[in-house]
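Two independent chains are provided; combine them into the complex using the hints.
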Amino acid sequence: MSDDREDSNQTAVEMGRITKRFPGVIANQAIALDVKAGEIHALLGENGAGKTTLMNLLCGLYEPDEGEIRIFGQLMRFRSPKDAIAAGIGMVHQHFRLVESFTVAENIILGQTKGLWRDSPQRLHAHLQTLAHQYSLTLDFTARIWQLSVGEQQRVEILKALYRRARVLILDEPTAVLTPQEAQDLMATLRHLAAQGTAIIFISHKLKEVMALCDRVTVLRDGQRVGTVAVPQTTEQELAQMMVGRTIKRQRRTDPPERLPQTEPALILKQLSVMGDRQHLALRAIDLAIYPGEIVGIAGVDGNGQRELEEAIAGLRPFSQGELWRTGNLAHIPSDRYSMGLLTEFSIAENLVLRDVQHPPFQWRGLLRLAWIRKYAVDLVQRYLIRTPSVQTRAGNLSGGNAQKVVFARELTRHHQVLLAAQPTRGLDISATEFVHAQMVARRDAGTAVLLISTELEEILCLSDRIAVLYEGRIVGMMDGASADVHQLGLMMAGKTAVGHAQLADQTPSFYPAEADRRTRD
Amino acid sequence: MPWEQVLTGSFLIALLTAGIRLAVPVLLAVLGEIITERSGVMNLGIEGIMLVGGLAGFVTAQTLEQATGIASLAAWVGLLIGLLTGAAMGLLMAVLTVTLKTDQVVTGVTFVLLGQGLTSYIFRRATGLLGARVTGLQSWAVPGLSTLPVAGDILFNHNAIVYLTVALVVLCWLLLFRTHWGLELRAVGENPAAADTSGLRVQTIRYLAVMVGAALAGLGGAVLTVVQLNIFTEGIMAGRGWIAIALVFFSRWHPGGALVGALLFGIADALQYRIQALGFKALPYEFLLMLPYVLTLVVLVWGSRQSNTPAALGIPYSKGKG
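For the protein sequence lines, the chains are A and B, in the order given.
First residue of the first sequence: 1, per our numbering; consecutive thereafter.
First residue of the second sequence: 1, per our numbering; consecutive thereafter.
Just so you know, these hints were derived from the structure itself, not from any lab.
Any given hint could be a false lead.
Claimed, not checked - Interface residues of chain A toward chain B, partial, derived using beta-carbon atoms under 8 Å: (1) PRO81; (2) GLN94; (3) ARG97; (4) VAL99; (5) LEU110; (6) THR113; (7) LEU116; (8) TRP117; (9) GLU264.
As the list claims (entries may be wrong) - Capping the alpha-carbon separation at 20 Å, the derived lysine to aspartate or glutamate pairs in EDC-like fashion look like this: (10) A/LYS206 <-> A/ASP172; (11) B/LYS319 <-> A/ASP172; (12) B/LYS319 <-> A/ASP83; (13) A/LYS206 <-> A/ASP222; (14) A/LYS208 <-> A/GLU458; (15) B/LYS319 <-> A/GLU63; (16) B/LYS319 <-> A/ASP65; (17) A/LYS270 <-> A/GLU63; (18) A/LYS375 <-> A/ASP356; (19) A/LYS208 <-> A/GLU238; (20) A/LYS208 <-> A/ASP185.
Note that this is a predicted model, so its numbers are computed, not measured.
Beta carbons are placed, not taken as given, at the ideal position from N, Cα and C, and that holds for glycine.
The following block holds chain B by itself, in its conformation from the complex (with noise of 0.2 Å):
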């Protein structure tokens, strides 16, 4: 490999930045993950929320921006659609393994078939779907911060998602362990009859957490298709459903966790395209594909040493048995 085109200012500033960028759609997904599981409750079906959402916010932009010509009205409602559509899944998700109590493992496992089997049927019938683009959001440079050397670059040239997003990094760590609401969620994925007793109601507070997640999930597979692909094809989401369970993991739980990870994932994505894009003939760009998963791998060996899971984690309540 060339290292002299790798080791330039200009080569890892356009890393980072597009690292960043990448991070986005696997983050949403791992905050709303983050919310499901301190609820008690483990929503395996990301990869195939995201899917589904993905679909219908790029279809929603796409046909919107063909009525309209307004591409930044499409994709913002692109992105919304993408999120409620999360929302209805995370609905039956949550009738599913909350009221009816069906098993999360296997129903989450359900859930990524059949939004994979949804999404390709739909995709194959829609013919018009076959090389058809969105144009997505533009960048919105922050006034005075974007022209500061480096930093400018990478942190403040993003478009307005990018900046929600981490937003929302803090707003669920707020909502988490600055609120009420926080505390009788955590306490419902801790002990649930101990919040069932103190008058807290666990189902509601599951269904809502379910919900919520799968929303945050559906709108992260919208946020890759209309506004950093700007194409759907079978698959798009390349697993990244599944990254996303994995840093929860390493997250311990925790947004503040959620936004390294998923950084660490983002940039070795980056990295990845770009050293495809230099030609780099040595390796397999098979092996490169692999890089950010194997580094997932790597610092989920390292992060989940010490462990904060919600104690009832995946286990169904059901009053008179606590």
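Bound-form chain A, shown alone (with noise of 0.2 Å):
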């Protein structure tokens, strides 16, 4: 025991004033980070603060300009992730790095091997079944990676990493794409991992689960290192504010609708159902109403649907059963902005007027007027707070932010009844994410039906007047957003209950706005 003791508090981590430069930004500047064996230790920041650049540096992606880094007291030069590997550190990326069409087995093996013919799939299994064993991880080895949850997909990170005899194990953002159910798991495996000796950076903007699990807390800011406490000496607003430089409030931005009885909905899915990539039933039999003036917001684990449902009322995927119903226009806010948002190699200000270049006054006779569209383009810059040298700028060199901005501000400029947001605020950090959503409550405010596609529970909850779950392509329960639960609403993305089916008949509309566009299955 007091050997472990003694374990536990060497310093696994030691990274001395590092600096790493990229033409024209300094992304890490003389950060200073020191990790004991058995630690969690948070590293907290906003997006750009420099986490990853720190954390791909100690796994071995990138060699720091300055500075020096130690691994349990000796003094490491990583010239490639294998020296990294080699050293002990293990990382699990936001995105991870599996390769689909291999079984679990195959990619935990990945790099690891010597000698030149495979072991047979039994043995192989048998020795990772006793590995996996030892840090209660259960995973079926057999299975190919894109079989599996993103949860399970997750599991087999963290056992590669613990195969190539990882100590110290980097995870960045790990819950962003979890359940909370699932996260709860994790966490539990952090712990297990942690009380067996393991040193654990733990990447994060969410300071709840930083303040459940962590030990410390390293908080960085525009490349810099704010300070580091320890959990039990400091607050969510403490460190919050150590984040953003200010302090900030975080509640719930939504009143209550004033909805009118007789109002119609703006949007009505009937019985919709939506073939995936996959030729899966994606959706089935989708019923949902939205009223203008209302936020419904579609909660779920990422991957039960939500791109089909969004490409389904976006118009873009054909429906193999049901009806769909639209009044006015649709505005939309698509999932991946840079892929169906923008055209990157575009300018901001033809991105602007992308959707109505051929109308006046953008154009006459035929030829484009480019006075014109750039004087849309400077206002609508300024109104929306673009932050861009030039409305020239190619769209695909702005920051997350403030290429949502541009959709925002083409989307939202144009006529519409319907605003269908999906995913709006991955990947963007605090005050790119306010504005977000501000903009969703004021169209909101001004009678616009809202439907938000997230896999942000805190994003749900914020604001949405109503929440439905989707869980395999059903709408599995639906709640009101004021008072919703959370504990039940993870239950439900995780598919345990259907409670709130009763409720559902009630949102099944019984009658069709006459003037309502029609649409039906093609």
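Encoded structure:
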């Protein structure tokens, strides 16, 4: 026991005055970080604060320009991930680094093998089973990665690191893709690993998780270290302030909508079924009605039909069954802003007029009126606080937040009755998120019917007037936004229960607005 | 067409025997391209590499045969030089596409033009090449098996390079699916970022895969000139390099599929020669020349329904962007 204690006080990672520059940016400026064996250490900061760069330096993807890295006291110089792996560093990236068409076992052993011939699957699986058992992780080693849920894929990544004898485990925003229950499981696993002496670096911007899980927190802002504090000696408010550099208030920003009893829904989905890319039924008989002046949030874990729902409503995917009714125009904030929302090679001005460029005043007898377009774009850039050197800047060069503002500016300035926002704040920092949320609430208050599809539960709870839970292509529950219970919501997202089906029946519209645009299956 | 001449046992045996032989150069190129593409690099320069390998092999074999008079030694050295020439062109291709990250389609087409221009230039300048012939390799009947009825003639009465190529199909399959090296090669072609973070050297593996692939294409070219046609002329590959690329899709990146595809092409090619020789007048012979290519197109349409294209095919890899 006394030996264990000594072990756990050993410093596992020591990064001293680390500086990393990229063309035009200092991503890390003289950052120091120390993590002890058996400790869960949070690395907290907004997007662009330098967390990921710092960890990429630690796992050998980049080399620092200045500063030194010590692992268990030994000075290291990582030229490649291979060196870092050999030193006992394991990283679970935010976007998993797994080969989709390979089995779990193949992914785990990749690059770690000796000799020419492969082991028989039986021998390999038996060997891996022992390892998994030791860390109480359950996995089917014969399954292919694409068949697994996100939570299972994450377990593969963790086991992969442990198979490489990782003594330091880095997790980059590991809970972003999990249900609350899966996140609980992950935290239990991490505590278990820490108790066995693994040093864990937990990258996050979720304050609640950091408070619940971690021993100490290092906060980064604009590429610099703001400070390191012990979790018992701090509060969420203090951490938030360190992170943003000012006080922020996070609260429910929505008021109950004042819906007129006679109002007709602006968007109706009736028994809508849609096929996914793998020729499976991605949406199964969805019934949903969204009224003017309300935000309906679609909660659920990624991959349960969100993308198909978005594409079906936007008219990008044919239905196999059912009907969709909509009054007026649709404004669409796509989930993948770089491939669906913007033409990254086009300028900001060109992106802003993209949907209306065929109409006056942007063209005159077939010729573009560039001066007009420019003036219009400059005006929108100011109104939507888009930070850019000029309206001629390539859209692909904008940061995530500013790119999203361009999409919002284009979509919201067009006349519309329905706003479809899919994952609108994915990858955005706190201030950009606040902007996006304010825009959506403003549209709601102006009488737009807003459908918010988001895998961020916090966002759903913060904005929605009503919440529908999507699980395996079905709406398994519907609840009031103001009184929603997080625990129950989490259970529904994991498909554990289907409470709320009774209310769902009430949502099925019994009438169809005569003036509605009608689209049936193609 | 005199059907009674075609539908005889001896005609069919001769057709299949020739089909197998004609499949070999294409099959070598397809196997090479499968290895290259499994690593995520597309080498569209096969036709050019086959031409250069074919010329280098032929010149070597011809010179050596003149000097020593030992035909088989000359042929084997010629094949080796064809292989090495292909590998050298593969190295150049890898420098361009893997390190310098040039566009793989444009680079590939450039290689074809380079190969055509270079071989035509050398062929015209070196006057001794016109009409020059080599002896090539003798057939080697497999003891015991070659006396089997029908199968003995079709399968076991070829030159050594035919047997070696068939062995290479099995070897490629073992390499890709039963060795760690194959697993790593495929990982690099499916998800280079995952391979990189697993500690694999993505660029090194891609260099090797491109060089091995080009070496096999160069060898295929040399087999055609040195062993099968025994001559070199301008444009002698007649699109076999492009057929090889099409057959990679047909094979769904699998050596077994490559064998089937190359045999279909080889038999169609052999049929075209034979029908011409029989003096079939109802159809212009140009149409018969098209036969193997049309057949390739048909099998391609049929074969590409389901794809298991390497996910990172054609995409250069840069660190920290995955």
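Q) For this structure, which hints from the list above don't hold up? A) Hints 2, 9, 17 contradicted; others consistent.
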